[in-house]
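Asker: Each chain, letter by letter, is given below.
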Amino acid sequence: MEPLMAITIGILFAAAIYMMLRRSIVKLVIGLMLLSNAANLLIFATAGMVRGAPPLVPEGLSAPEGMVADPLPQALVLTAIVIAFGVLSFAVVLVRRAWEIVRADDLDKMKDTDT
Amino acid sequence: MVKSGTLILNAAARLLLPLQLLFSLFLLLRGHDEPGGGFIAGLVAAGAFTLYLFAFGRPALNEMLKVSPRDLVGLGLLLGVLSTLPAWWVGEPFFTAQWWTIPVIDFKASTPLIFDIGVYLVVVGSVLTAITALVKTDQEEDEH
Amino acid sequence: MQLAVLGGFVVAGMAPLLHHWFGARTPLVMALLPASLAAWLIGQWSTISSGEVLLLEWAWVPGLDITLTFLIDGLAWLFAMLISVIGALVLVYSGEYLRGHRDLPRFLVVIIAFMMSMLGLVLADNLVTLFVFWELTSITSYLLIGFNHSDLAARKAALQGLLVTAGGGLALLAGFAMLAVAGESWSLAELTRRGELLRGHDLYTPLLVCILIGAFTKSAQFPFHFWLPNAMAAPTPVSAYLHSATMVKAGIYLLARLHPSLGGTETWVVTLSLVGALTMATGAFLAIQHTNIKKLLAYSTVMALGTLTMLLGIGTEGALVAFVVFLLGHSLYKGALFMVAGILDHETGTKDVTAMGGLRRVMPLTAAVAGLAALSLAGLPPVLGFVGKELMLESVLAADAWRPLILLLAFTAAFLTLAVAVIVVLRPFFVTPRETPRAPHEAPHAMLMGPALLAVLSLLFGLAPGLLDSLVGATVAGIGAPGAEVHLALWHGVNLPLLLSLASLLLGLLAYRHWDRLRARLSRLEPLMARGPEAGYEALMAGLVAVAGGQTRFLQNGHIRNYLVMTLLVLIGLVGHALFFRHTLELDFALTIYLHEAVVAGLMVAGAVAACVMRSRLAAVAALGVMGFSIALTFVLFSAPDLAITQLLVETLTVILLVLVLFRLPRFATLSTPLERLRDLAVASLTGGLITLLMLSVLSGERLPRISDYMIANSQPLGHGHNIVNVILVDIRALDTLGEIFVLALAAIGVYAMLRFHAEEYDARHHAPPPESDDG
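As given, the protein sequences belong to chains Z, P and R, one line each in that order. Each residue of the first sequence is one higher than the one before, starting from 1 at the first, in our numbering. Each residue of the second sequence is one higher than the one before, starting from 116 at the first, in our numbering. Each residue of the third sequence is one higher than the one before, starting from 260 at the first, in our numbering.
Hints are computed from structural coordinates only; laboratory data are not their basis. Hints are not guaranteed to be accurate.
What the hints assert, rightly or not - In silico EDC-like pairs for lysine to aspartate or glutamate, Cα to Cα no more than 20 Å straight-line:
1. R:K610 to R:E935
2. P:K223 to Z:E2
3. R:K610 to R:E744
4. R:K415 to R:E793
5. P:K251 to P:D186
6. P:K251 to Z:E59
7. Z:K109 to R:E935
8. P:K251 to P:D148
9. P:K223 to P:D148
Quick caveat: nothing in here was measured; it's all calculated off a predicted structure.
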């Protein structure tokens, strides 16, 4: 599954970067969302993808029997998902405020620091 | 953008809110042993309150919450930081988990649990802070 | 002692408060601090003079072997004494000089801070500590030179001084690091004992060069001498203190301190003697061209600093004795002369010696003090300067390397300095009286006390140099000639140095007689001077600004996508290069893919691509939703239930957020040309392809043991939890999580601030009650 995932993630990254290179600020936001999802998936998939063995210790045992999925990237990605949401909300509100003040959708028109 | 007051939404929100909150508490408490935990439970609760917000409007939500979501953020961070301190009390390194068993109900209390509650409050508070601020600003802009 | 120095900084910070209590008397009160330090030092004298070294240890950063240890031997004692005694006198003096100045408290804060930094510098045993104090003196001196911050010239001079000395400081830091590596210790006391090891080490030459750059910039050696005369923009008490007696001697101190560890090699001897002699002659030569009394003195200070460096370079026992005597003599007379210069400026309102004359009638005491100090500057009997100069000439005559050249330079410097000394006394105090901008009076006692004391000390030590024998002996012991028998005398009989002195006296007087003509002649050299080292500094600064401006315009052009493209291209270039040329890519996988998994991956791709090409915002958000839910499904399929739940919940909240915000924003617009889109597509595809390859090579590479094995094994026994992911989050890596919830909180507060603070202003503007008029 990993090679397929690698290609999928590559496409996700490409889509994210393409959108972040747009001049329209709304597209920038969409690019940002794609990017955070792609990054999360990358961390998750690079650790190896295991089917049907969640990192849980069965009741009554002190350690899981056999191979389980790597819990560490899962923990990292879990916080990353929530933080990505926080950052996204910050970004969209920033874009919105910028739009309200500058009234320009075009990032090229926002490049002056003192407007 | 946000219109409150459709009948089905109202009924659903009123009915669902207690259930969702109960579910979120359940997720929070069982999180150490099964899927769940502060982040997930916090998101569930935040979702529940958001639904309520859309059904009854911001004033109603404020009235029900009693505290400002921003205070929840502060309280959560405070709990998170406080949970690191008991280890010092017993002379162990900062952040070492401490476990106590509450005798009658046989409940395992611990600093990780306090920490997880902190996480829960921060997540609920943060999401609600952002969303209520957005809704309030929208309403004001619509008025002008 | 450490407490006294560190406490001194606290006292410095309290200066405004003290000023509030004591008013104009504050400088007197604050002078008690250096005075008591001097008293303490005198109390240690019996220990120091017997040749013992006082080590006061105090661990500062034990983990890095950095200590705040103070080392007091003869050398440190001499410097510390100079710093505290002259410091106390300067404080008293400045109380009068800056009487009623509205920035007096600020002046006191900085000068006390400087004093403490300087003390720390000369007392420090640890290289890092020394460096910290070294930089502190640079910073405080910057603030002092730029004290009159409304004056452009002062600001420029301050910046120049800072850049030159701090630039040298960087070199010094590198030098210290190498020194510590080579000598295997950060302690100066240790390093002094490891001279053999250091001189033979491979790093010797680079570390010496770095340290010398640091010392030369600080002590205004050629070609870095230009900052010192410019620093005369400082108030005169500052010049008297920093630029004659203390800070500029920091470099000299360092060289003296390191002389036992690094000195004696050919590189050392030749570099120091030549640079010193050159500085000496340059200083004297430039001095003679100026009529501003402070500049005259400043250049003669450059001359003196050169002399000291040269003597350290020569490095024989005689030269070291001459070094100590000259150092002491110079501090005494130069401090006095600067304070006299301040008095003249204060009383007459001008600094130009050609604009003054005949002042001895109105200010006889000042004239007497100036006369004594100038005798010492000129190197005439019966004052300490004479003893110092004779010893200097004697050791130059005994120098090994480049003797004729050094002798010539030293002799030139000697007679030009004599001329300077004559100018400084005769011009203002004798010749015909002139009208000055202000009607001069005798200086107030507080201003006269300092220079008078210093001048009398010059005379006392000149008449009875034997008083200094033990001090000079103890100091020389600290800089590489232990056990030297020192017997100073005013009269050495008729010998070669005396004859040279006589010759320089005659030439000097001649130079004074024809001073005006000499200046006119020398002014023709100005185009040449304009190409001096200072022009190099100016060009360097201009070049720096131009380069900074150019690169800013090129790199920081305000287009976010240009930043992104640049960053990505660098990433693709570097990582791609490493991937293809340093690493063989093996793509060998056992593929097991179930249909439903492939479908989920396909949905993900379809969602992402659709989000890019959709023309409506709603459709784009829906496409993103498809992708997000497919990701959640992936988490479900591949054993990550916590992630799946989180992703689902966040997806829901994201839709709410986008609905609230995105639809307040403008519709999608196509702004770029097809060519630009093609370029962006290329960059994006390259990056995506690189990520894919990178991930494949990570997966095909050798698997290191997972660090999570420990976590899996101990989650239940130690963490008392069955959900390993949660145990990691709230227990094993809880500090991480704590940081993350802080980020989340910050993001939320940021959102709130952006939306609400603006809105509250808006409310205030639109709903504010009409202003009530008082007079209506």
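Asker: Each hint needs a verdict: does it hold in this structure or not?
Answerer: Now the hints, each set against the structure:
1. R:K610 to R:E935: Roughly 66 Å separates the two Cα atoms, so the pair is violated.
2. P:K223 to Z:E2: violated (40 Å)
3. R:K610 to R:E744: With a Cα-Cα distance of about 44 Å, the restraint between R:K610 and R:E744 is violated, given a limit of 20 Å.
4. R:K415 to R:E793: Since the Cα atoms of R:K415 and R:E793 sit roughly 13 Å apart, the hinted pair holds (cutoff 20 Å).
5. P:K251 to P:D186: This hinted pair holds, its Cα atoms lying about 18 Å apart.
6. P:K251 to Z:E59: violated (47 Å)
7. Z:K109 to R:E935: holds (17 Å)
8. P:K251 to P:D148: Given that 20 Å is the threshold and the Cα spacing comes to 39 Å, the pair is violated.
9. P:K223 to P:D148: holds (12 Å)
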